[in-house]
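All chains, please: the whole structure from these sequences, using the hints.
Heads up: the sequence shown begins at 353 in this note's numbering, then just goes up one per residue.
Rather than coming from a laboratory, the hints here were simulated on the basis of the structure.
Treat the hints with care, since some could be wrong.
Unchecked claim - Straight-line alpha carbon distances no greater than 20 Å define the calculated DMTMM-like cross-link-like pairs of lysine to aspartate or glutamate that follow:
#1 K922 / D882
#2 K922 / E909
#3 K922 / D884
#4 K922 / E878
#5 K922 / D860
#6 K922 / E872
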Amino acid sequence: MRLRALLDTDALGLRLLGGQDELDRTVRGVMTTDLRDPSRYLSGGELVLTGLVWRRGAADSEPFVRLLAGAGVAALAVGEAELGAIPDDLVAACAQHRLPLFAVNESVAFATITEYVVRQVSGERAGDLAAVVDRHRRMMTSGPAGGGPDVVLDLLGSDLDLRAWVLSPAGRLVAGSRLAESELPARVCAALAGEHLAAVRTGRRGPHRVTVGPATYSLFPVRGGGRGTAGARDVRETVLSEWLLAVEADAGDWPEERLDLLEGVTQLIAVERERRDAARTVRRRLAQEVLELVQTGAAPAEIAARLRVAAPVLLPGLGAAPHWQVVVARVEWDEAKGGPAGLPAESGGSGRRAEGSAGGLAGGPVAQALLEEILVDPLSSGPEPSDRIAVAHTGDEAVALVPLPAVSSEHDGSETGLHADTILEAVREPLSAGLDGDGRLTLGVSAAVHSAEGLRGALEEARHARRVAAARPGRVCAAGHQELASHVLLLPFVPDDVRRAFTARLLDPLREYDRRHRAELIPTLEAFLDCDGSWTRCAARLHLHVNTLRYRVGRIEQLTGRDLSRLEDKLDFFLALRMS
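Structure follows, in structure tokens:
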């Protein structure tokens, strides 16, 4: 319950003396005290009742109030029976520490207030929540205008003081109550999504309790009955596409009745998820048609006709024809479900692996659902932004058509749209947790193209970029079209045994020397090449004297038989470091 509700209850005899702006604070308990320092008995959220026996003079007020504020109490209520008027020094101290202050009429016993607060914050909660769930069930089944998950979360906050958010598996904020939405940073969203995915993958029973910073959250999966959920044979088919409900509370002490009711809330949210999936059917079909035309070598005019149909669906109200980008994704699973987290031995530690999914487990639909979640501006919220993306899948691969509004004449399309690094940064943490153990996600992003003629090239470009990403270590990797114009394009196709032999011949002598002498030759080599062989810039970066740097480079040349003044040898070292 909130302080405002106490003030509005005439039978409690409370009069507000300060803290008008803090009346939305939540009261979670009540304590009566006349101790000078009651802080060790406080856990936060209490309404503290006192008769001022602890006060011997004006100097006592500020330390007492400071202790209460530090303990996180909701408010202080002072009885008027002992002194009559509340001392001005106490009023000033409460104002200084932003602690709401009430005067309790002398005709009202503290026991009356205590009984009222305890009754309100305990037994009635479950009944209130049942009523909330029933209200929302009616709202969300009455039609699309019901308000969606935000309405459910708003009422959970206003009626039950439960702060809650709906998150995507990639950690995007899908919905949040007006009270709570702005208070959940992106890093916390990513951490919660990652913890949830890890818990689901390891088979832990929900709700999953997680502590991030000072707060404890309980995480509930939002499981619908739509595509890929009903009768799923393997948790990996759904873990990367399910939303989750995060509640800022520790559900470990909740009774079964309350847990059942929160499960009902997740079912209501699942209704919205299923509606969104149904709305995506047209966009998926458009993407599938365009993909088939491009892959079968259809005439550009035929592809352009399909794009003209797709543009109004994906960008309603847009006058100019958009540019397009292509994103290719592949989700791969190890052959043995629940197998070891390590990559195959023949990868040589490079992170490369044979492409393909575990037997019987299709990667395409999983990658499709995942792309529909992650190809959204990380700063946006709600389900609607993803409605501007069309994703098809074929085999173990998913292909997204991303429309971009036409850019002005002073820009070229390559400067706009999605960037592989941005996508990767937003989703690496949570999705790595969901894939840990036996899964991998690789993404490739094309440049923007301006017409149907360029779409086939964009698809091939995105596929090549994804293969470059697949050659990198890590559970979640991405590469963009910019990397296809450099040596990086060649590295994924060098055989593993050649890569190992090449890097060992050049770098193993340096690693062994560093291990025995702590000489930091490898970091020196990396910095020297990064500074294009400039002695002064490299020495400044490493905080070394130039003579010390020359000694280290000389030792590198002596150990390897190479000459770092020669372009060919510099290039060999550069490639060896990239492949190591």
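Could you work out which earlier hints the structure fails to respect and list their numbers in ascending sequence?
none
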